[in-house]
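Protein chains: 2
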Amino acid sequence: MALIVQKYGGTSVGDVERIENVAEKVISARDAGHDIVVVVSAMSGETNRLITLANQISERPDPREMDVLVSTGEQVTIALLSMALNKRGYPARSYTGGQVHIRTDNAHNKARIMDIDETKVRKDLDAGRVVVVAGFQGVDEQGNITTLGRGGSDTTAVALAAALKADECQIYTDVDGVYTTDPRVVPTARRLERITFEEMLEMASLGSKVLQIRSVEFAGKYNVPLRVLSSFEDGPGTLISYEEQTMEQPVISGIAFNRDEAKLTIQGVPDQPGVAYNILGPVSAANIEVDMIIQNVGADGTTDFTFTVHRNDFQKAITILEQISKDLGAREVNGDESIVKISLVGVGMRSHAGVASTMFEALSKEGINIRMISTSEIKISVVVDEKYLELGVRALHGAFNLEQASGK
Amino acid sequence: MALIVQKYGGTSVGDVERIENVAEKVISARDAGHDIVVVVSAMSGETNRLITLANQISERPDPREMDVLVSTGEQVTIALLSMALNKRGYPARSYTGGQVHIRTDNAHNKARIMDIDETKVRKDLDAGRVVVVAGFQGVDEQGNITTLGRGGSDTTAVALAAALKADECQIYTDVDGVYTTDPRVVPTARRLERITFEEMLEMASLGSKVLQIRSVEFAGKYNVPLRVLSSFEDGPGTLISYEEQTMEQPVISGIAFNRDEAKLTIQGVPDQPGVAYNILGPVSAANIEVDMIIQNVGADGTTDFTFTVHRNDFQKAITILEQISKDLGAREVNGDESIVKISLVGVGMRSHAGVASTMFEALSKEGINIRMISTSEIKISVVVDEKYLELGVRALHGAFNLEQASGK
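First to last, the protein sequences are chains U and G. So in this note's numbering, spot 233 of the first sequence is number 233, and the numbers just go up one at a time. Here this note's numbering runs 408 ahead of the position in the second sequence, where the first position is 1.
Bound-form chain U, shown alone (with noise of 0.2 Å):
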């Protein structure tokens, strides 16, 4: 018998009908034998119909109102939720963020959980029912509602199961597993049976968007078994958990792509110390995430700095270049919308060499040609023309045999 968190999102409670279902697969883990916590969020479309009435009064409404506003949409899903287990002779009981004190920071819209006490939910399960808890808010210390802001749900999952010591944290959502790479892009891509937190970080922050990143981080620190699974299908789904020694590692596990960059250039400027933060401190002040950062100096004593913002800050980002460039007396600016990011993700990696040039031959023997390269323990991302996207993500998808299933 095991305790088991289980978190369905919004597209997973979409109607009554899928609340319904959502019931008859908490009861299946239940007539295994296994304590039932359920995490669930608002019913798909519900948070953006509050919204939309908020915006209907206000452009900028008062954030703490917001989180009044949109946490009854949770609020409605676990009531249903609860009925549905009750109707079918599983006593079930719902609770508020607030109610099984959820405690939060008090940044409205995009609080942190602090601290859970599991006593309450606890008390349940002892008594052998199922607790089914609204996704996505918490209290601040004054009582105050807060929301952790969009993907949510998966956070507050992972920080009860880490504060009841649950066995295992099921997120359910419309995929049922986390592949090689977008089954869209290469047809061949499999589902893998596990991947551990570092891998599964880095894709979730290279686009993969199966899990929010903050709850694999948080699921990591506190080591909780996270498993993605289907909501719509049976199936194991794909288990996320740290590096067991026993395990062999295949070299690469994903291969990760990302079309939301964009890339700038300033040549020629000057080298000297700090110019790195001459040109990156007025950037981030302008709260511009750069993503990867290159630096060549040249023979001229000058240097050409390359990085890579998100597209929709380009324009932005340009504008601030340019005035820098005149700043530091560099040569010119360019930049360049039209690129994509594609990344290898593998534990493997650390102890297999070889990896980047197989990757770089399997692009060249493709004609693709490589405009940046990055690199850290587990990930080797290149930069190429967004027109490559999909041959240079198949292309690495052969060379690194992942179609066929290995160790793991």
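Errors might be hidden in some of the hints.
As the list claims (entries may be wrong) - Result set (BS3-like, lysine-lysine): computed pairs, CA atoms no more than 27 Å apart in a straight line: (1) Lys221/U to Lys209/U; (2) Lys87/U to Lys495/G; (3) Lys773/G to Lys724/G; (4) Lys629/G to Lys528/G; (5) Lys110/U to Lys87/U; (6) Lys110/U to Lys316/U; (7) Lys110/U to Lys629/G; (8) Lys617/G to Lys120/U; (9) Lys518/G to Lys528/G; (10) Lys25/U to Lys110/U; (11) Lys110/U to Lys617/G; (12) Lys365/U to Lys387/U; (13) Lys518/G to Lys433/G; (14) Lys120/U to Lys629/G; (15) Lys617/G to Lys629/G.
Stated by the list, open to error - Reference listing, derived: stretches of chain U covered by chain G, where coverage requires no fewer than 3 residues with Cβ under 8 Å from a Cβ of chain G: (16) 82-88; (17) 251-265; (18) 281-288; (19) 313-325; (20) 392-398.
No lab work stands behind these hints, which were simulated from the structure alone. Even glycine gets a Cβ: it sits at the ideal position worked out from N, Cα and C.
Since the structure of chain U is already known, use the hints to place chain G on it.
Just chain G now, kept in the frame of chain U:
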């Protein structure tokens, strides 16, 4: 500077535009120098939408979860109204029933308020804020969300006014006050400037739907002056308070009527001690509420027993009565569903004789046959044929000169 609790019902906050209108009304009172606590209901239609969702899952949804569900309705309104006030530069804070500790018993769906901790509200008022509280809801001792049942928002407002020792509790509705009788029946019906708690209670229990009976009882018990006003037009409304010695009382304040009654008679019951109990015991055991009761003893040692019930309970009551008739050896049972009750209400009756005879005379002049009569200290009710309702009410309205303002 006074402390005023204002309550706006579902129609008054039916859409965003109306919520903005309520914000303007609150601001007028604030600008006049008053401290304001606002109690709001769910936007009209919202509670029904939520109940429909629940009924899609279960015909008899779990009562605890029903309260979790429907209490979101008011939570949406408090957030939107607070946003509208904040946008206009009037600091406001919303609170759910739980957040301001509106403690109730644990009778889900029809809970009663036990206690309110007003310290949080007081602190906000002292800080110059408008406090916006969700009506109709509270929490029990264990922190479970409860609701007071339909119309409970009036009770919330009165209870808050009592706890805060407010100078006045203003109930905003879609009518501009309490009338001498229903203006749809008597076009010359007149808005009353004042009415006493006792009169209002009689009017409400007789079918005048302006205020919920429980809120009037509550206001009377804690001596909270109540005022009924219109959300949609300006005007002083009707003040409901205790009778003042200096107030010159008219004999009659108003005429209430009730179309929902049905009459049952059991004839020729052998007259013996306990006959009333033998008849009404089984009726009340079947959860049927009995209104008027009349018993006549005939010369032949048998008695006729007549009473009225809600028209919805008529068939059930007839069936029970036929069984009783057999058991007691009565002669026959008959009933009439096409009757109505008309009542004169007025504290002035206490000191004025002759009200009943004026009433009977007015009805008789119109050829209206009285089927039953029942009196209390401040009320005379008669049962007449349904078809005479309008004629009877108009005749009485004229006979007591209600279209002319008197001392009130």
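Hints, verified against the model:
1. Lys221/U to Lys209/U: 20 Å, holds
2. Lys87/U to Lys495/G: 44 Å, violated
3. Lys773/G to Lys724/G: Distance of about 36 Å is beyond 27 Å: violated.
4. Lys629/G to Lys528/G: 24 Å, holds
5. Lys110/U to Lys87/U: Not satisfied, since the Cα-Cα distance of roughly 35 Å exceeds 27 Å.
6. Lys110/U to Lys316/U: 25 Å, holds
7. Lys110/U to Lys629/G: 45 Å, violated
8. Lys617/G to Lys120/U: 42 Å, violated
9. Lys518/G to Lys528/G: 25 Å, holds
10. Lys25/U to Lys110/U: It is violated: about 30 Å lies between the C-alpha atoms, which goes past 27 Å.
11. Lys110/U to Lys617/G: Outside the cut-off at roughly 45 Å; violated.
12. Lys365/U to Lys387/U: 16 Å, holds
13. Lys518/G to Lys433/G: Roughly 30 Å separates the two Cα atoms, so the pair is violated.
14. Lys120/U to Lys629/G: 37 Å, violated
15. Lys617/G to Lys629/G: The hint holds at about 20 Å.
16. 82-88: As far as the stretch 82-88 of chain U goes, the hint holds, because 5 residues have Cβ atoms under 8 Å from chain G.
17. 251-265: violated (count 0)
18. 281-288: Not satisfied, violated; 0 residues make the cut.
19. 313-325: The restraint on the stretch 313-325 of chain U is violated, since only 0 of its residues have a Cβ under 8 Å from chain G and three are required.
20. 392-398: Our answer is that it is violated, as 0 residues pass the Cβ test (under 8 Å) against chain G, missing three.
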